[in-house]
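Number of protein chains: 4
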Amino acid sequence: MIIIMKHDATDEQVNHVTDKLKSLGFGVHLSKGIERTVIGAIGDKRLLISQNVQMLPGVSELVPISKPYKLVSREFKTDDTIVRISENLSVGAGMPLLVIAGPCSVESKEQIISTAKAIKAAGASALRGGAYKPRSSPYAFQGLGEEGLKFMAEAKKETGLPIVTECLDPRDLPTVLKYADVIQIGARNMQNFVLLREVGKIKKPVLLKRGGGSTIEELLMSAEYILSEGNRNVILCERGIRTLETYTRNTLDLSAVPVIKDLTHLPIVVDPSHGTGKWKYVPTMSLAAVAAGADGLIIEVHPHPDAALSDGPQSLTPENFASLMVQIKKVAQAIGRKV
Amino acid sequence: MIIIMKHDATDEQVNHVTDKLKSLGFGVHLSKGIERTVIGAIGDKRLLISQNVQMLPGVSELVPISKPYKLVSREFKTDDTIVRISENLSVGAGMPLLVIAGPCSVESKEQIISTAKAIKAAGASALRGGAYKPRSSPYAFQGLGEEGLKFMAEAKKETGLPIVTECLDPRDLPTVLKYADVIQIGARNMQNFVLLREVGKIKKPVLLKRGGGSTIEELLMSAEYILSEGNRNVILCERGIRTLETYTRNTLDLSAVPVIKDLTHLPIVVDPSHGTGKWKYVPTMSLAAVAAGADGLIIEVHPHPDAALSDGPQSLTPENFASLMVQIKKVAQAIGRKV
Amino acid sequence: MIIIMKHDATDEQVNHVTDKLKSLGFGVHLSKGIERTVIGAIGDKRLLISQNVQMLPGVSELVPISKPYKLVSREFKTDDTIVRISENLSVGAGMPLLVIAGPCSVESKEQIISTAKAIKAAGASALRGGAYKPRSSPYAFQGLGEEGLKFMAEAKKETGLPIVTECLDPRDLPTVLKYADVIQIGARNMQNFVLLREVGKIKKPVLLKRGGGSTIEELLMSAEYILSEGNRNVILCERGIRTLETYTRNTLDLSAVPVIKDLTHLPIVVDPSHGTGKWKYVPTMSLAAVAAGADGLIIEVHPHPDAALSDGPQSLTPENFASLMVQIKKVAQAIGRKV
Amino acid sequence: MIIIMKHDATDEQVNHVTDKLKSLGFGVHLSKGIERTVIGAIGDKRLLISQNVQMLPGVSELVPISKPYKLVSREFKTDDTIVRISENLSVGAGMPLLVIAGPCSVESKEQIISTAKAIKAAGASALRGGAYKPRSSPYAFQGLGEEGLKFMAEAKKETGLPIVTECLDPRDLPTVLKYADVIQIGARNMQNFVLLREVGKIKKPVLLKRGGGSTIEELLMSAEYILSEGNRNVILCERGIRTLETYTRNTLDLSAVPVIKDLTHLPIVVDPSHGTGKWKYVPTMSLAAVAAGADGLIIEVHPHPDAALSDGPQSLTPENFASLMVQIKKVAQAIGRKV
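As given, the protein sequences belong to chains A, B, C and D, one line each in that order.
With positions in the first sequence counted from 1, the corresponding number in my numbering is that position plus 3.
With positions in the second sequence counted from 1, the corresponding number in my numbering is that position plus 3.
With positions in the third sequence counted from 1, the corresponding number in my numbering is that position plus 3.
With positions in the fourth sequence counted from 1, the corresponding number in my numbering is that position plus 3.
Think of the hints as simulated: they come from the structure by calculation, not from any bench.
Because identical chains cannot be distinguished in the list, a pair is counted as satisfied if it fits within a single copy or across any two copies.
Simulated pairs of lysine-lysine, DSSO-like, Cα-Cα distance not exceeding 30 Å:
1. Lys112 to Lys206
2. Lys281 to Lys25
3. Lys112 to Lys23
4. Lys181 to Lys153
5. Lys204 to Lys70
6. Lys283 to Lys73
7. Lys153 to Lys123
8. Lys120 to Lys153
9. Lys23 to Lys281
10. Lys207 to Lys73
With the sequences and hints as input, model every part of the structure.
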């Protein structure tokens with residue numbers, strides 16, 4: 004940690020800071036500049052003391068020189084993490100592109116089974132579907148609950164596709180675990196630390212979505228919660244951030260893909276459906292995500308988008324999804340990736 | 004709801020939309036303009052059908068003409084809600100300014116009792132303190148849990164100040180309710196709908212903080228969750244939103260005060276400590292919040308900010324808080340409000 | 004235009020509004036709903052009257068049903084505009100990908116000529132370079148002025164590459180026009196309406212960059228300024244918007260590419276150098292931009308990025324640029340586009 | 004400047020950086036930590052070399068320890084700048100509150116003279132009015148030009164109120180200077196560096212508005228442009244920043260007032276009209292701005308807001324403005340300030 008003193012800090016104040024640091028077990032390097040004195044604190048207790056040192060008289064600001072996350076960082080683990088979803092399906096660098104598809108909400112047995120068959124035929128590798136839905140209005144459809152999970156299980160039995168589904172409530176986790184292959188933590192729960200700790204205690208993969216108002220560093224801190232509890236099977240997901248732009252529901256931050264590959268060893272998938280909010284932009288942004296190096300895609304597909312109980316406007320029909328898969332394979336091939 | 008058709012929508016498409024609306028029980032008004040046809044749908048089932056209508060061929064966009072919240076709206080209830088916190092303490096329009104003060108985290112019995120005595124002496128009306136802390140790092144201090152609540156109870160016994168404290172986990176709610184007079188829902192949990200439903204089922208007042216990336220409408224929708232479960236004792240709290248500005252931790256949106264007074268009957272308090280993140284700006288912004296018409300303030304006060312386990316940099320000393328109370332009274336008087 | 008009345012608007016207020024609209028020459032349709040009355044105003048004088056109607060007693064809000072731009076809209080001109088840069092070089096839908104490359108600032112004759120030769124050899128189609136630089140600090144390098152333009156002219160003579168360069172000041176425009184093939188309007192000047200009008204009066208193509216805090220609609224309104232003065236040769240440029248994310252200099256909004264193709268007939272190019280601010284993310288985001296359907300790229304290349312007087316950190320070396328061109332061709336081919 | 008090396012930087016890389024720094028005339032302090040090596044560079048040439056050092060092998064990031072602005076900083080000039088507008092009118096710390104009022108646009112002689120008389124009677128100290136208007140649409144009213152300035156001059160003759168008016172184009176500056184007492188640089192031109200340099204060469208006060216997408220630091224850098232050319236008479240203006248919130252036109256950042264007072268010696272005024280965009284919130288936010296310590300206010304007043312050619316919805320009537328002045332005086336008195 005670097006402590007930058009104010010330009011008019013007195014020698015006494017500088018000494019007070021260095022004494023405090025030494026008493027806390029830090030090595031100290033002093034650097035007197037023309038405008039300011041700068042103190043380097045060597046050691047690793049920054050989390051305990053950062054705030055207090057910041058309050059000492061004469062201190063202008065503190066500059067951390069280590070990142071606040073550890074287990075998720077490339078510096079802690081240089082080789083890429085490959086997350087295994089089922090016997091034959093893994094996601095991460097060097098693996099074939101993971102394509103998760105399916106409706107926003109499970110609405111009926113017929114709906115989810117027909118969707119599963121269609122996306123399987125088109126080449127998808129896993130099935131998404133929400134049984135517990137976080138809706139901004141208390142009056143909107145909230146999901147079928149365990150019944151929805153049972154319908155997904157039947158769809159899995161018929162197609163062999165692993166299940167990706169969201170858990171909202173720590174009290175529902177045992178139920179969700181009976182059916183899900185991957186537990187999704189939604190964007191609105193990215194900083195629900197209670198829930199993060201719970202999914203940190205399980206072994207199944209967790210798909211952690213970036214919050215719409217969150218930075219990449221905060222996403223990584225939330226992943227750190229999960230890893231720090233023991234679950235290393237975390238798949239990150241970029242699904243758009245909130246900006247001033249209104250023509251799209253969110254602004255899909257595709258730069259996050261190479262940045263995340265730089266900062267962490269965890270896989271990163273992209274959700275162009277929430278990222279744009281409009282089905283007509285989903286194919287283009289799916290291709291862009293593949294070209295940007297994403298390890299996978301999660302795409303909303305509904306047999307009848309105009310009758311969907313949620314997110315119809317951003318859902319592809321099975322036919323559009325099948326066409327898209329053809330294009331995805333071409334772009335993946337162009338950058339040397341399998342699908 | 005207004006349905007705006009595309010400029011090249013065919014008569015057949017217009018008819019298809021009006022037929023669908025009529026079959027759903029809506030009254031329909033058609034308005035053919037020079038550039039576009041516009042359809043007015045009269046009725047109140049918009050939440051069920053909005054998405055599907057949006058998908059019909061020829062539809063350009065839907066414009067809701069009712070607000071998505073009901074119970075919290077001024078239109079539903081025109082007179083101001085006064086939330087009663089204890090026998091002698093209420094918050095809302097026309098009531099004296101509510102001043103909640105105390106440390107970010109409860110750290111020890113001594114700390115919370117001495118703070119409570121100091122803020123009581125200075126004129127505060129309630130005591131804040133966190134026993135369960137939502138921290139962005141899993142390695143940061145997470146709060147004392149029930150022990151912290153017990154310390155707060157002792158502080159209450161000594162001073163008579165009601166307790167405002169946060170609940171993070173629906174499973175902790177029964178414990179928190181044993182001690183708290185007001186349950187705080189933190190900014191990061193503003194859209195934790197599971198938690199909102201739980202505090203909707205209780206009777207005690209809920210202090211609902213606006214999320215840093217959330218709009219006023221979303222705050223009101225979250226309050227709607229609580230009211231829709233039966234708890235009408237909701238106090239809203241503006242605590243700053245995230246912007247590009249970095250000299251302050253957040254950007255305190257004081258315009259939210261008059262806007263919220265316009266849109267809802269619920270009381271609104273302001274948190275200048277999180278709003279600015281720096282104690283030296285807290286007094287000024289407290290006065291500005293009072294002048295803006297806030298029904299109360301929630302201010303971080305710590306006996307030794309430079310030794311605080313969390314949020315030291317934004318905490319006032321008891322001395323500074325006492326000076327501030329003097330100024331607050333003057334500004335409150337200038338706008339005709341008691342403290 | 005739709006006028007939504009307040010839920011408690013009186014009949015008198017409604018009549019007052021309809022009378023005013025009729026007196027202004029509008030056709031009027033009235034729609035009385037359960038909660039509110041809605042008035043449709045048919046005609047095309049919305050720009051003149053919108054504000055005043057909004058102020059009438061009983062009016063809640065106005066909803067425009069036409070877009071505020073005309074000449075740039077797809078509705079005005081459905082076929083794609085192809086902008087001709089030189090005898091052999093055009094940009095737009097169906098044209099080969101336009102690749103503009105070169106340094107942020109022209110620094111010397113040697114620098115710009117060696118860069119021009121290197122990018123030409125790698126397959127670039129035009130040369131960028133700044134002679135007048137808008138810098139946030141008055142103490143930073145402000146460009147070589149006309150001398151820089153002369154160096155660019157020599158580079159053009161040696162390579163045949165057309166010149167893309169920025170104009171900051173309407174008084175410099177005649178000078179810049181002597182040398183430039185495309186006049187760039189920088190992000191900070193996107194709403195410098197004085198400058199927009201001036202470049203609207205010329206015939207040469209204008210590359211209009213989206214401001215970092217601007218929406219797509221505002222970009223289109225700024226383009227409308229240029230077209231409304233008579234110059235239809237406008238090339239739009241997405242170069243990143245400002246968000247909370249700090250790992251990248253800006254957030255490159257690639258969704259803007261398909262959205263802009265939807266809303267306007269004008270070509271759109273992408274600047275991944277300013278979009279990310281870090282050279283190591285430029286290749287990946289260039290490929291993503293091509294996959295997203297961009298009509299071109301504008302990429303910073305400098306022979307010695309570590310000695311650049313501006314934007315070194317986001318500049319590619321000629322070698323990296325050459326490698327990137329190989330990858331760009333593969334991705335372009337995958338989506339059926341030539342380079 | 005602090006140079007933080009990568010955690011795996013080699014000794015050779017560290018030596019290369021220190022050699023480079025020494026060759027550039029910097030003093031160097033080396034601090035080897037457990038995780039990283041940190042280099043302190045002592046000297047003041049950071050603007051020339053920062054980018055190049057950032058590119059050296061092994062360098063992770065650079066941390067500036069000086070602010071990028073000088074002449075505007077408190078460190079350069081500790082005592083508050085008082086800007087003199089006319090013989091009897093000055094603005095700054097300790098001075099009476101400056102209240103500038105008037106219409107968005109000058110529309111006619113009658114309009115501006117009647118407004119000037121009304122605001123003068125209510126206690127305003129200066130008259131605002133736009134003759135050259137920066138409008139986002141080329142089809143919107145663009146102002147009366149010099150004719151508008153002449154009308155303002157007549158209003159000044161009748162009331163004695165000094166004139167505050169915007170200049171958009173460096174070519175118009177001589178004309179504007181013939182009439183104006185304070186030259187306004189609008190939010191959209193905050194980074195029009197050409198215009199900033201021009202108003203830096205004059206002696207009259209400049210009212211510099213913060214751009215809606217700009218940080219406080221960027222505002223200060225723009226002020227630095229003006230001071231660096233020789234004009235020290237700069238008045239800063241907070242007028243709201245763009246956020247996700249839509250109930251207000253902008254989000255008025257009142258925390259900017261105490262922050263700016265901390266960082267610079269220049270006066271700061273607040274524009275609650277653009278800050279909120281709705282006249283009904285203007286009085287409350289005016290009082291809040293005074294309580295926050297603003298040195299002045301700039302408020303839109305129009306004799307007939309519902310007939311205004313621009314910004315009607317955010318304009319007060321003369322009657323509302325007069326009532327507001329009464330309240331302003333009370334709040335100002337409460338914090339010890341004259342009006």
